[in-house]
Amino acid sequence: MAYETVIGLEIHVELDTKSKIFCSCSTEFGAKPNENTCPICTGLPGTLPVLNEEVVNLAIKAGNALNCDMNRINKFDRKNYFYPDLPKAYQISQFDLPICENGYVDIHVDGKNRRINLTRIHLEEDAGKLIHIEDEPVTLVDYNRCGVPLIEIVSEPDMRSAEEAVEFLKNLKAILEYAEVSDCRMEQGSLRCDANISVREVGQEALNTKVEIKNMNSFREILKAIQKEEKRQVELYTFGEGHKIKQETRKWDSSKGRTIPMRSKEDAHDYRYFPEPDLMPVIIAQDTIAKIKQNLPELPSKKKERFVTSYKLSEKEIDILIGKKILADYFEAVISFGADSKEAANWIIVDVLRALKEESNEEMPIKAQYLAGLIKIIDQGKISRTVGKEVFSELITTDQSPEEIVKQKGLSQISGMDQIEKIIVEIIGKNPQAVDDFKNGKAQAVGFLMGQTMKATNGKVNPKLAKEILENKLKEM
Amino acid sequence: MINIEKLTIAEIKKGYIDKKFTVIEIVSAYIDRIKRLDPKINAFITLCEEMALKEAAILDDKIENGEEIGQLGGIPVAIKDNICTKGIKTSCASKVLEDFIAPYDATVVKKLKDAGAIIIGKTNMDEFAMGSSTENSAFKITKNPWDLGKVPGGSSGGSAAALTAGFAPLTIGSDTGGSIRQPAAFCGNVGLKPTYGLVSRYGLIAFASSLDQIGPFTKDVRDCALSLEVLQGNDPLDATSVNDTATKDYLTDLDAGIEGLKIGVPKEFFQEGLDPEIDESIKGSIKKLKEMGATVEEFSLPITESGLSAYYIVSSAEASSNLARYDGVRYGYRAETFEGIEELIVNSRSEAFGKEAKRRIMLGTYVLSSGYYDAYYKKAMLLRKKIKNVFNEAFKRYDIILSPTSPILPFGIGEKTEDPLQMYLADIYTVNINIAGLPAISIPCGFSKSKLPIGVQLIGHHYAEKKLLQAAYNLEQSLGVYKDIPELKGVE
Amino acid sequence: MKITTETINYVAKLAKLKFTQQEADQFANEFEKIFTHFENLDKEDLTGIKLNEFNEVTSVLRKDEMKVFESKKELFQNVKKMRENHISIPKVIE
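Protein sequence lines, in the order shown, are assigned to chains A, B and C.
If you read the first sequence in the UniProt record's numbering, its first letter stands for residue 1, the second for the next number, and so on.
If you read the second sequence in the UniProt record's numbering, its first letter stands for residue 1, the second for the next number, and so on.
If you read the third sequence in the UniProt record's numbering, its first letter stands for residue 1, the second for the next number, and so on.
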């Protein structure tokens, strides 16, 4: 019996605005508990919501970038349920007239191109955070996150494997980052994903019972959780116990490595949606949509196409650079200062990325101009590649240009022919045994002598030239 | 001795200019009167004596220095207790918010303060504005100053009674289905519900968001026009508030005649159920209007009965959602015994809400629940659009629509029937106006044989308050009823 | 129309209210009368009226500017139990 997995995703993305969706509180992450609050986002009696215009703009951007149809007139509705992280006991969301419908994201998995369709995108407000105290019957509530603007992106159940789901999510994240809609940081919660998974026999058209999985906090967890749930369902179907699969919400427990059933938030799931009477409908002018579309930054797929035709880089290298807009932009900036594309790609993919990880920073560690400068002086032979790595480390910590660092630390490569010849002659003079070895046909003597040369010059001698001169000198002897 | 209970806003303002009295003297006189007489009337939940006297002193200084004191400078105002006043208890007359201190001022409170008004206290009401008699208050029963055995109407009964009893020359109420107009009629004063959106709702503790409006109680229409100038205006904190008020001035030409004014009287309003004394009094008003040159004509407004159903469905639905935030977590009553969060919420709500509030919450939850949404809420919303259209059509033919404010006279305290449906049916003349978002004013037009006040309601088209106030002013002046004030038998 | 006590109990659960059997029965009774009265809605001709039609309506938006609410202490002065700047409630099991 062959089974097929059917996966749909629900993604919540925090929009990158200065203030919350319905009040002017800050949306900044990491504030002290209940610092970013006011009577409106804490649901105090008598308060009213007023819509932030930037929220609409960013949602239009997202819809454009994801190929959606725009509902130029859309409205808000109240989703009513009780939960301590929801101050008004209703969430202002969009029900029957969301801002965007349809849309798609293209993915490439296992050599196949697939189009994952979207159902809709709608606007809503985020809820607060609950912190459960261990060993005490106490929960603490923080309303900082309450009212942060979200878009909820719902996909069609088009994915067929955990890998496809992750690839979809990675592409979606890249697109939204590029469109500057959100900083999409899963570790900070500005991108959250829930999965709906069902399993059916291959060839069956109807969908079986789906299960919702929550609490997956990284791409890795999403992959594992979906695979685990897939396995759980397939096993039950295989043993004729498919009826045991309930439509429920399960929590991914990463420490236990499995999904466990959750207590449902609203037993009856009767949200009693009705139009939000405190807000006017959202009416988007046609030219607003056109203007936003025009000003949309180059999206990942287009950028990749351009990189493939413009730069002599491998697909793997391009994928890494495209993976983050800030990297791609940085790469092109470095090139604009005259650096060779292959060299630039190499330095960025290896050294810059490593530095970023170590600093866990979002800012590039070295000015593009300086990296280009470093590449240039290595290319010109002014310093060796080894010394270049040293200069790189320096560039991260100081404000100086690579030329200044080289000068200050006296790291200039010795490239003058006369100078090198002098040094070689000295080394040869100090190592008669090696010379004899060479004469006796031991080729590795060259390597030994080169090593001695590098040692004596602290690696500053131009290795290519030194080797040439050394070999010539040895031949002469 | 200042006869404080007789003074209008206009007269007090003039008195300050003519240096007849100081602000402290006026405020003290009101406070003394309140302390003396309110124990029998029960109009106030909170009296702000210290704060008011402090403000009065500041204003007297300003007057001394020849500084501007504002359009309502030195005018004491009492505010219905569902409007947030910073640092002052704002209870909605409910156990739920019995100890709630508002951390901010409602926009209208800010406007009143900026105009120099002095907050003298918070008034009693039906719990969460649900009711028509103020008997649903969790704390006290307000008496009608014209007859202490009768109700003052509701839900703004405290504000209406306070004005009639001479406790302040201006009081503020809220109107969702008649809660300013009906108490105005019951207490014999002027009560205005402005066009929906003309006055900001920010800081008004919500009952039904698409129906609520804040409005003034005053002794006469001139005071009402002045108050409206201060209260109205766009508020960036209220997305449903008017974009920009075309009319800023309601006082100028208030006394322009009403020759040629076209007045329509819906014949469905004069069928059975209308008290005959009220019927007669209204007919008296119609006569006066005709004498002043207005044309008065009967016409058909067939949506009244179903409008009442639509009103109760929509208002309960919105109320059930607006009142869901009262769970004891962030503010308000928290039960003492509970195990776990679920019980905390259920116990707190069940112990603190009164009967009528629970009834509306249940009604509203029911009509919104799955399976019933289409049958009730959706239908009610569709009917609402129809009602708006019907009124729009009517206002193509008429400038003003006239009706009684209430079909019944003020009834006895405790007399109200245990049958909620009966109570709801008495709102027949007022609710459709909220459904359509129209402005309407009730002015006193006469008395019953037992000296109980009768009010007549004038309804205008959206944002046509200027025309509405002109018509009301002319009628009021020709009737002269507004000058009567109660003797307060058995109180003095 | 008939409204049962079961329906009342379901609605009460949604509304987070609890009633005695007697109270629930009374509600069922009252609601029956009220909803029978609401049937006059069915007499109205509502054809051609659309809900999601918004004529003469303009969006209301505010600029994306951050403002701090100063009276933070007053904001939380009505909370019954606070701990380390959080609101404290009985443990919520998820």
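FYI, nobody ran anything at the bench for these hints, they're computed from the structure.
Don't be surprised by glycine CBs; every beta carbon is placed ideally from N, CA and C.
Hints may contain errors.
[Said to hold, decoys possible] In silico DSBU-like pairs for lysine-lysine, Cα to Cα no more than 30 Å straight-line:
id	chain 1	residue 1	chain 2	residue 2
1	B	35	B	54
2	A	244	C	13
3	C	13	A	18
4	A	442	A	407
5	A	407	A	324
6	A	342	A	442
7	A	439	C	16
8	C	13	A	475
[Unchecked claim] Some but not every residue of chain A turned toward chain B, in silico, with C-beta under 7 Å:
id	residue
9	84
10	283
11	284
Legend entry - Those earlier numbered hints the structure runs against, lowest number first: 3, 4, 5, 6, 7, 8, 10, 11
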